[in-house]
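Novice: Sequence:
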Amino acid sequence: MDEESPVDMFLLDLAKALDKVHHRRLNLKLCVIGIHGYVVNWIMKFLINRKEVTRVFGDNGSTFFSESADVKSGVPPGTALGLILFNIFINNAPSIIENKNCFVCRQLQNNCSCL
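First residue of the sequence shown? That's 142 in this note's numbering, and the numbers climb one at a time after it.
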């Protein structure tokens, strides 16, 4: 980057990324990396048939809950297994980028924060 050549940036907002994990595609990726049988079944049971509820706090201290809704994709954000599964799901993302002069970076804290 010190060659004074143009630099392209590709930024991703991963704020809701955990909600976007497609369960069937994750299942295939688990099989590709060698996780089969009972372990995959256990992981899929962990992910499917989940429900979510939204809680809203009112101004007067009251609490309101939405009706439960089926969760059709995603991994639970507050779990260690959810984060591991998300990392497996995105593991091949850098390999689909054609330009080999690309850096994968985390949120920048200073000028030397690239991985």
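It cannot be assumed that every hint is accurate.
Unchecked claim - Straight-line Cα separation of at most 27 Å, DSS-like style, residue types lysine-lysine; simulated pairs:
| hint | residue 1 | residue 2 |
| --- | --- | --- |
| 1 | Lys157 | Lys213 |
| 2 | Lys161 | Lys192 |
| 3 | Lys213 | Lys192 |
| 4 | Lys186 | Lys161 |
| 5 | Lys186 | Lys170 |
| 6 | Lys213 | Lys161 |
| 7 | Lys157 | Lys192 |
| 8 | Lys170 | Lys213 |
| 9 | Lys186 | Lys157 |
What the hints assert, rightly or not - Taking CB as the label site, the calculated pair distances span:
| hint | residue 1 | residue 2 | range |
| --- | --- | --- | --- |
| 10 | Ile174 | Phe198 | 37 to 43 Å |
| 11 | Ile231 | Glu208 | 47 to 53 Å |
| 12 | Ala221 | His177 | 17 to 23 Å |
| 13 | Ser207 | Asn233 | 21 to 27 Å |
Everything labelled a hint here was simulated from the structure, so no lab data went into it. Don't be surprised by glycine CBs; every beta carbon is placed ideally from N, CA and C.
Novice: Each of the hints needs a verdict: does it hold here or not?
Specialist: Tested hints:
1. Lys157 with Lys213: Holds, because 14 Å separates the two Cα atoms, which is no more than 27 Å.
2. Lys161 with Lys192: holds, 15 Å
3. Lys213 with Lys192: Roughly 9 Å between the alpha carbons, so the hint for Lys213 and Lys192 holds.
4. Lys186 with Lys161: Holds, at about 18 Å.
5. Lys186 with Lys170: Roughly 16 Å separates the two Cα atoms, so the pair holds.
6. Lys213 with Lys161: Satisfied, since the Cα-Cα distance of roughly 9 Å is no more than 27 Å.
7. Lys157 with Lys192: Holds - the C-alpha atoms of Lys192 and Lys157 are around 17 Å apart, at most 27 Å.
8. Lys170 with Lys213: holds, 18 Å
9. Lys186 with Lys157: Given pair Lys186, Lys157 holds - Cα atoms ~22 Å apart, limit 27 Å.
10. Ile174 with Phe198: 37 to 43 Å: holds, 42 Å
11. Ile231 with Glu208: 47 to 53 Å: Since the Cβ atoms of Ile231 and Glu208 sit about 32 Å apart, the hinted range of 47 to 53 Å is violated.
12. Ala221 with His177: 17 to 23 Å: holds, 21 Å
13. Ser207 with Asn233: 21 to 27 Å: 36 Å Cβ-Cβ, so the 21 to 27 Å window is violated.
In terms of the numbered hints stated before, the structure departs from hints 11, 13, listed from lowest to highest.
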